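Chemist: Got chain A sorted already, so can you dock chain B onto it with the hints?
So the sequences go chain by chain: A and B. Read left to right, the first sequence gives residues 1 to 513 (our numbering). Read left to right, the second sequence gives residues 1 to 171 (our numbering).
What the hints contain is simulated information worked out from the structure, not anything from laboratory work. For clarity, every value in this text was computed on a predicted model and none was experimentally measured. For every residue, glycine included, the Cβ atom is placed at its ideal position computed from N, Cα and C. Incorrect hints may appear among the rest.
What the hints assert, rightly or not - Example chain A residues on the side facing chain B (calculated, C-beta under 10 angstroms, incomplete): (1) R143; (2) E145; (3) A477.
As the list claims (entries may be wrong) - Where chain A lies over chain B, by a calculated footprint (3+ residues, C-beta under 8 angstroms): (4) 14-26; (5) 43-57; (6) 90-103; (7) 106-120.
Stated by the list, open to error - Incomplete in silico selection of chain B near chain A, CB under 8 angstroms: (8) P10; (9) T11; (10) K139.
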Amino acid sequence: MSETPDGAWTALDRRTVAMTAVLHTGVAAGAGGPVVLGLAAYRPIGSALAWVLSVVVLLVGSGVLHDAVRCRRTRYRIGPVMVELRAGVLVRSVRSVALEQVRSVDITAGPLLRAFGLVVVRIGTGQRCGVGETTLELRSVTRAEGDRLHEVLLDRIRSAGGWPPGAADGRLAGCDPRWVRYAPLSCRTPLLGGAAAGAVWGGVEWFGMPGSLLDRARALLAGLPVAGTVAMLVTAALVVGAAGSLLAFTEKWWNFRLDREPGATLRVRRGLLAARSISLEERTLRGVELVEPWGLRWAGAARVDAVGAGLVTRSDEIDVHHTLLPAAPRALADRVAAVVLGEAVPPTVSVRLAPHPPAARARRLRRGLAAALLPVLGCLASGLVLVAAVLAAVAVPVALAVALDMYRNLGHGISGRYLVTRSGSARRSTVVLRRDGVIGWTVTQSVFQRRAGLITITATTAAGAGAFSAPDVGESAGLRFAEESVPELFGPFLERDRVPALPGRNGEPARAG
Amino acid sequence: MSAKGTGNTPTVWLRPPRHPLDARAPAWWRAHCLLGAGIPVVVLVVLALLLAPARGALLGAAALLAGIGVATAMVLPPWWYRLHRWEVTATAVYVRSGWLRHEWRVAPMSRIQTVDTTSGLLQNAFGLVTVVVTTASAKGALTIAGLDREVAADLTRRLTDASVRSGVDPT
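Just chain A, same shape as in the assembly (with noise of 0.2 angstroms):
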């Protein structure tokens, strides 16, 4: 396969059906056991098993069939300056793509295909059109093909964009088993232990088993004060938690790597079951996130992803962020962004986040106080005034913290070639954006604002989520550092008197007319 000449039209390795083969069956085989079984109450075993047995021949054939059509009908072909790929079993299709406008390749392999020696290559696009972006995906060629495609299109991109080699190829990031640690950290462990303690009790209720196993476990309960019980579901549900985002953490970050390889270009590869390799140009990159939620804040770790034209977040992906660097010691998180960025200080170390005003952090406590006592008063109007005593006094200080550490985080200020924006206190996120990758800006002022003399000022980029908000920030301050970024942007419709702005006041209201 891997002698196939450059320009000729290549298929998809025959394999592929055999694969697709053994999946369908597998699902039928899942799927029909408890038909059968279901069936087998009312008919003869023999009579429900023919019976499925047909259905499922039917299935399968007619899947694999189509599959067989599918993988004999599509050809791929990688020429000079573009991709091409035919392919559709009953309207025929042929797409193409330009080089040159080629953002990633993305190879994948699950533990079935990985099982028959196959990848599934796709090269993806930035270009969105309204409808979504252009991937042309090839399912499914050999491991060998996918990496003779990998080199072949990287090779031909570069030739045809012509871009500078890379600054440091080699390794930039290898995976860390004492990472690991941090994996109980992230915001999934309650999310997780919630859903396990759900499926539990759904399991127990749907088998109608109540009367054994709950009733000990209430029994046991029974034994022990609410606060107790409390305590120790939550320490259940927490551990189960726990060990959930342990496996996540490993099948999702196992063999971690992330490499700059020649013509400046780089590749992440991980996963245990699901082994994937994503590549990103250099050339398409607008800039880092550094994610640090707030178990990975207390813990001094913090994650990377990559901001990006052409890394479009696919909906139908459960990993939606282009992450280069999972939970990792802070230090080693902003030398990585360093790396990538091609910077020798951090952007995120050497920038000096000047703050928002008080203004801001009146609005996060009232929004906070707000949000803590809308379901006390709602205790108190249905009469438990003892919960709502209790929910006052947990809920409050909470929501008051939490909103004060919202104020501290918010930050702005640019930094070389890049400016920076931080917010956020679950999920804190200090957003490094190129700062000619600004595309556009976005002011917007909401009655409160208004009155408050605050404006949120976006950025919008080719990149990612398209917007990098930095939210609350003085008018005056605000525009002055849009002014400074980007300075031919708002720059002439800016207007500037030399008088003090008055104490107290965050300068003039934006709208002067």
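Modeler: For chain B alone, kept in the frame of chain A given last:
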């Protein structure tokens, strides 16, 4: 380097864009408000004629709705007309919109990808169109709703010319 926001730094604000929307825009909004309230009012009145027992309540609701519709149609469009403005310079498109939540948007000429002109049924009756300027960003579209057809066509030509001439990769 970073902006401080306190002390004797100069106060900065965004000046409004130069051009208002077409003078017919308030009439279009007014018609929109009146229709939006008018259709439910007609339904309520018809129901009131058919359902004798609930006639009082239905007519009351219709009157209230009609009152709200007329009041918004009188008061809000002139205000919106003052807020919604646009401007195109040699380098950028600048739009102010919003109502309770003001919004100022700017996009550089060189990053414009497409310029669309659309027009709703009612809008068309007033001879007005909406111009949507999109950039490579998923969140960067600028909308100017309520321009004269000729002005919009002229604007579209200017914007597409400029974005072609710049020849910069729009991402």
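Chemist: So, for every hint listed, does it hold in this structure?
Modeler: Outcome of the hint check:
1. R143: 32 angstroms, violated
2. E145: 30 angstroms, violated
3. A477: Check passed: Cβ of A/A477 comes within 3 angstroms of chain B, closer than 10 angstroms.
4. 14-26: Our answer is that it holds, as 4 residues pass the Cβ test (under 8 angstroms) against chain A, meeting three.
5. 43-57: Contact hint for the segment 43-57 of chain B vs chain A: violated, 0 residues under 8 angstroms.
6. 90-103: holds (count 8)
7. 106-120: That given contact holds, which follows from 4 residues of the segment 106-120 of chain B lying within Cβ reach (below 8 angstroms) of chain A.
8. P10: 5 angstroms, holds
9. T11: Given a least distance of 5 angstroms, the restraint on B/T11 holds.
10. K139: Constraint on B/K139 satisfied, holds at 4 angstroms.
Going down the numbered hints, you'll see the structure goes against 1, 2, 5, while the others check out.
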